[in-house]
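Modelling step: build the complete structure from the supplied sequences, incorporating the hints.
So the protein lines, in turn, are chains Y and G.
Residue numbering for the first sequence follows the numbering used here, beginning at 186 and increasing consecutively.
Residue numbering for the second sequence follows the numbering used here, beginning at 186 and increasing consecutively.
Each hint can be trusted.
When chains are identical, the list treats them as one kind, so a pair holds in a single copy or across two.
Cut-off 30 Å, straight-line C-alpha distance, at most; resulting in silico cross-link-like pairs (BS3-like, lysine-lysine):
1. K499 - K262
2. K473 - K334
3. K289 - K240
4. K499 - K235
5. K499 - K314
6. K473 - K216
Simulated from the structure, these hints should not be mistaken for lab results.
There are 2 protein chains.
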Amino acid sequence: MAYIGIDLGGTNIAVGAVSEAGSILAEATAKTLAGRPFEDIVRDMAQCVKKVMGKAALREDEVRSIGIGIPGVAEEKTGTVFNCTNLGWVNVPLRQEMQKYFQKPVFIDNDANAAALAESCAGASVGCKSSILLTLGTGVGGGILINGKPWAGAHGRAGEIGHMILVPDGVPCTCGRSGCVERYCSGTALIRAAQQECCNFPDTVILQKAGGNMDRINAKQVIDAAKEGDASALRVFNSFARYLAMAINNLIWFFDPEIIVLGGGVSYAGSFLLDAVRSLIPCHQMGKPLPVPPIVLARLGNEAGIIGAAMLGK
Amino acid sequence: MAYIGIDLGGTNIAVGAVSEAGSILAEATAKTLAGRPFEDIVRDMAQCVKKVMGKAALREDEVRSIGIGIPGVAEEKTGTVFNCTNLGWVNVPLRQEMQKYFQKPVFIDNDANAAALAESCAGASVGCKSSILLTLGTGVGGGILINGKPWAGAHGRAGEIGHMILVPDGVPCTCGRSGCVERYCSGTALIRAAQQECCNFPDTVILQKAGGNMDRINAKQVIDAAKEGDASALRVFNSFARYLAMAINNLIWFFDPEIIVLGGGVSYAGSFLLDAVRSLIPCHQMGKPLPVPPIVLARLGNEAGIIGAAMLGK
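See the structure below:
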C-alpha cells in the first residue's frame, strides 16, 4: 500500500507517493498561484496526484489515503480549512472538494504538525511517542506529537510556538503583539540582530560575507562568521542561542516531550547550534539531575512536508 | 464500586473513599510527619484507608483501586517515587510498599495532575478532553489532561508551569534560575508586590487590613483592597493579572486546551480575577477572531486531591 502526501504551500504544491516505511516513491509539483478560486487549486493538486501515481505505477486500489499539509488551521471532523492566511482561504471544504477526484480518505493537518509526524515516522524522532518540532526559518513554527499523533489542540491552534511571549513588552511582532518567540529565535531575528551589530562594528566578517551590503545578510553568513570566531557574529549567535534555549526550556517544563527536533533554515548551523543550546538548558536543580529531552536536528528537510502529509493516513 | 484516593502532602495525609461519580463517601486524615522512614508513612496511609473503608461500610472487594497523589515525580511503570522534595523521598517503592497492605492496583501521580483529573471528573472541566489546571498558591503548580488522562510527560516532569520563564533575567527564583512564572503569578508574588507598594504608599488600604504590619499581608487582603478600589492594591493586582494573562496566553498558543481552570488561594478573587485575565488574552488577530479556551475557577477546593487520586484508578 502507498499513501499520497500533499504539501500545500503559498508558492508551490508538492505531491508525493510515499511507501509504508515513509520514503518518497515519486513526486510532482505545480505552482499554487494563490488567489485563484480554491476549486482550481484543488484541481491542480488532483492532477499532480494522478501524475505521481503514474510515475510510481500505482493503481488506485494501491493508494490508501490522501493527506494534505496546509499552512493554516483545519477542522479534522469536517475536513474544512478554517483559515489559511497565505492562500486567503477561509472555510474552504478541502476534503469534500478533493473527494470529487478520488474516493479515498482525505486527512488534513497543519504543515508543522505534518513535518513533526514525518520526523517521527522516518526521520530524527523515529520511535518517540511525544515530540516537538521547532522550525527556525523566516518565522518560528511548531509541531507537537502526542502518543505518536499530531496534536492540533482543542481549537486547531496548538503548536504556535512562534507567538508565545518570550520577552514581555519586547520587540514588536507582525502578529500585533510584542516580544513573541519569533522575534528572537527565527532566521529573520538572527539577520536583524546581525544588521544592528554591523552598524556598531562595520569590520565584522558578517558584512564581508554579505559583500559589504547589510541588506544582503542571510542567516548562513551569520552562522559561518560565528563558526569562524568573528566576535560580532559570536555575540549575535550566542544571544540567539540564549533566547532559543529559554523558549525550549519553557516547552520542557510545561510539556516534557521525549525529544525536541530543530528544523528550518537556521538548523543549518548543525552541532554548533545544538551544543550552544544544550549547554544553556538547566539539567540540574538543587544538586539533583533533571532529565532533559534530547535536542536533535531534523533529518528530512523539505521532504518532511510530503512524507508527513502522507503519514496522516497511516 | 468505590475508589480510594490518598492526598499525600508534606504536612497531612488525607484519605477518602470516592464513588464512581467522584463524590467523597468518607474521609480520614493523619499527620505526615515528614522525615520518618517511608515505611512508617505508608503504614499510616494504610491505616487511614482501613478507617475510611470502615466509615463507608465498604468490603475489600468493593474497592477497585488505590490512587495516591504525591507532591513530586513518580514513574508509572514501576510505581516508584523518584523524588518528593517535601518528604525527602528519593526512589521510594511506594506502590510495592502499599501493596503489602492491599492487593489492589495502586496508581501514583503528581498531585497537580490528580487535581486536574478531579476537576475533569467532578468539577469545573467535566466532559473536557484536554485541560490545564493552574494552582495559584504559595507557588504555581500545573496539571495537564490530554484525552481525559493526566499527562506526566516523557520523564515525569511535565506541568511545571511555575518554572517556565516569564521574564528573562527577571526576579530570582528559589529554583536557582530567574524570571520564573512563580515569581510573578503566585500568592507569594502578589504579597511581595503589595509589600513593595506599601513602602511607597503607606496609606494603602492593604496595610490597614494587615493591621499596619507589612509582614502580615496576605493575598486575600490585597484582593479585597483591590475590589474596594484602593489605588495601590489595584496597581498590584492589575500587574499580577497582566503577568498571569501572559503565562496563560503562552499555554494557549502552545497547547490550545479545551479549558483552563484556575485554583489555589489566589482564585479566591473569583470573577474579579477571571474578568481581569480574560480581558488581557488576545481573542483577535489581524481582524479575525481567535478561539480562546474558557478560563474558569476550580470547584473542588481541597477535595480535589482526594478525588483526583481516587479517579486515577477509574
